[in-house]
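Novice: Residues per chain are reported as follows:
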Amino acid sequence: MNTSEHKTINNIQQDLLKCIRIGVYAGIICIFVALIGMVEKFNSRDIISEVISMGHTLLVIITLSGTILTIQQFRQISLEYKHSSNGINYLWELLVGIFTGLIISSILAIFVVFINEIDIRPIFINASPTLLTILTFDKDIYTATMNLLVLGVVLGFIGTLFLNLPGKLRLLLIAGISSVIILGMFQDIITIILSKDGWPKILLNFLIDKNGVSVTASIVIFILIVITTSIYPYLPTAYENTMRLVAIYHSINLRISMYIMLAITLLLRIYWFIAISDKNLPMLPLCREGYITTNATLGQCAIVVYNQFNNVTNLFANSTSIINLIITISELILVGSISYSIISILWKSLRKTKSYNTNNLSELEHQTLIIKTKRNFSIVMGSALLLSLPMLLGVFPSEVLVNIGIYMLMGFGLNIVVGNAGLLDLGHVAFFAVGAYTTALLTSPRASLELGLSFWAALPIVIVITGLTGILVATPVLRMRGDYLAIVTLGFGEIARFLFLSDWFKPWLGGAQGIIKIPPISIGSIEFIGPHRIYYLIILFALIALFISVRIKDSRVGRAWMAMKADEKVAETMGINTVYYKLLAFGMGAMIASISGAIFATKLGTIFPHSFNVLVSITALSLIIVGGIGNLTGVIIGALVLVGLPELLREFSEFRLLIYGTLLIVMMLLRPEGLVPKSNTNTMIKDQDLIQDAWVENSTIYSHVKR
Amino acid sequence: MNNSQPILKLENINAFYGQIQVLREVSMTINEGQITCLLGGNASGKSTTLRTISGMLIPKHGRIIYQGEDITGMSTTKMVERGISMVPENRRIFSRMTVKENLEMGAFLRQDKQNIRNDMEKMLDLFPRLKERLKQLGGTMSGGEQQMLAMARALMSRPTLLLMDEPSMGLSPLFVQQVFKIIEEINQQGTTIFMVEQNANMALSIADYGYVLQTGAVVLKDTAHRLQNNSMMRQAYLGET
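Chains W and F, in that order, give the protein sequences. Count along the first sequence starting at 1, add 24, and that's the number in our numbering. Count along the second sequence starting at 1, add 1213, and that's the number in our numbering.
Mixed in with the good hints, there may be bad ones.
[Unchecked claim] Lysine to any residue pairs mimicking SDA-like chemistry, simulated, CA-CA at most 25 Å apart: (1) 593(W) x 1418(F); (2) 1273(F) x 504(W); (3) 1313(F) x 574(W); (4) 589(W) x 1273(F); (5) 1291(F) x 574(W); (6) 593(W) x 1295(F).
Since the hints were made in silico from the structure, they are not lab data. For clarity, every value in this text was computed on a predicted model and none was experimentally measured.
All chains, full assembly: derive it from the sequences and hints.
Specialist: What follows is the structure, encoded as structure tokens:
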């Protein structure tokens, strides 16, 4: 036999081994998720109502990923040993895929037969008859095994086919299918949101069937997402062009047009609600009954506003009115800015040819203008959306948002220590706890001090005390770096909890009973009770923390931290007092975390030492890592993903840590720089550079840059 | 040149890493406005001497006197305040910062913004290479460019005494020549330079005075010219038999 044949045989052996290895791994993972109860738990819910359940989806996804992984590895090998022709290659690939699918399914089939014959429930409590029903599709064991094997073959085939689709089509399919799955996973929260007053009932009935997404809705959404994804590549250009048009409009009369739009929306809104009550007035076409009902909450708010125009003194008497006012204003901004941009685009597109000539702007100035417009636009839209979220979503999602916000605040604090100054701190919960406990001590009338201060009086004291604690903790660890620092801070975090729990402090801190009756935060007569109000406080403090973090990053202090993080010794030779800056980092990180703790305490009204365990620190650190270390957008996204998702996905909550761990490992393998890596912020840097350049062009100081 | 004032004096320095003595009774004088170089083989204590001067290592015995003031045991930060700046071994620039930011870091302790700007322009004139790469990340530049950046960064603090640790390390011969030319230029503009160097030939060609260290003790000290002609020196370091 000649060498090429020899190689082929060798190659076949290798491929088969690879199939078997990955197949066995995937099979084991299937059994694992079945035995820990994930399949059974997930099965209680359907992704698509009465078509496929979440449990089955999980197994299908594992099998599909197994086959796809094998074929990808197979392709890597076949790059080294080129097969004779493409046709054989495809056939071989198909065989490899089917074989892997078969291995996975046969392992699962063996498992099914096994738990059918032998009762292993005394050891694996989740190997229940229910699990068996799920895996056998409620058939007798012989047909079930056959079914499973056939399913494996089919899945292997699908996996191969999927990989051989052209890239674009594959992307569309992934987008469509995953959005349906995501919708199915979030059906609970969607049901909660949509069943709230103000959303049309038809939407809910259309989307959610008895136990999952309805069949029609999933088809419609699949098609919608596929269409959106296929036009997605053109969206950024569209956005750019839109912004270009808006920018030109801006340059003519930015503020005036904005105010006019706001005024028009406001007037329209008021008119609508007078028109409802007064039958003599003609209804505008937009004011149909349907629109009013969908915006019932908005309507009430507007009435409140309308009334308050008559009776301004009444404004502060009713505590809910302020919240409603905020909501209404934000909604007006939202509606205003959308209609404003639409009109400005229409306006400009009508007289497109003239506009470029009438503006005597250089290309650079023009660019700057566009960037500024983009920024303004996103700030306006973003803030309006942020402010109206609790109204749109209702109480439970607001609760989730508040939790996200609390972690986000802590994340901002930790980001200063870890992201900016490069000090790995695993005990950040200590500062969170000190903040919470100090607040409780100062504000609760039932606390040992019996001070009963208001939150706002206590807050500065809380911040200062926690900042000092941060410095106190940092002092002994000044010489440590990296892993050692992490271990020591981890210890500090635990020490803090034990101190709060200890008998020694019991007279003051209440030991395991904690401190109760912490009054809610209030401004005047408005009490911040309930998540949809605390949300606004969180937003306020998060924005302040964000602002501080952004400003400090580019300041002298931020530079010093950056240098210290990069190279401590060299930073010292630059004249940076590393001791001072380390203490400052810990102090500031602690201060921001303390605000988070203070809100946490007032939100619950009661605090116990057990709320401040090491998991809080770990979550805070993971959200920074997942988001991308040292990146503020990353902190926000990390909090949304790591804190928000587990709260929303009820089925997942039991397996939260498993999913955390898997997520972190996958992150480290695939995106070690986090979800929002630095490269993504490059566009922002570019924007800043452009603005700087525009400035430089007009200034002589940086004359050398121009050359 | 013998009449110039001593700017830095080491008096009988004994320095230890834990139990191991690295410097034995090292005494040196660095004169103002001169280039003094410190030569020696591997592990002879050259870098340790620099570390001692810059305050990273505190000597067990002996005194360091800078401009008549005893600065032994003073922190690095305070040294920088007093006008001692250092170009560390292997450049060690901030690789994730741009060239401009690196230069700004060098002027960290200074508050006079206008002068910092002027100085930055001066640096960019002195190192035209950096001008082209002002917005580039430090870590993406070549070794020679990084060395230039490290020097420019150290100069941004307007030092009276510039300490340099092996400025020629890991550079191509062409770049070595360029770097030494610039060192001479810096010196001519009034900065006293003390450098540690392996490349004895090059170093002595621009230096005024030289010290030779061997296992932590000064074995030779003389003017650079005489050192170049010293037979022992020629055998040990200048590669002649």
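Novice: For each hint, tell me whether it holds in the structure or not.
Specialist: Evaluated hints:
1. 593(W) x 1418(F): 31 Å, violated
2. 1273(F) x 504(W): 23 Å, holds
3. 1313(F) x 574(W): Answer holds: residue 1313(F) to residue 574(W) is near 20 Å, not above 25 Å.
4. 589(W) x 1273(F): Roughly 30 Å separates the two Cα atoms, so the pair is violated.
5. 1291(F) x 574(W): 30 Å, violated
6. 593(W) x 1295(F): 18 Å, holds
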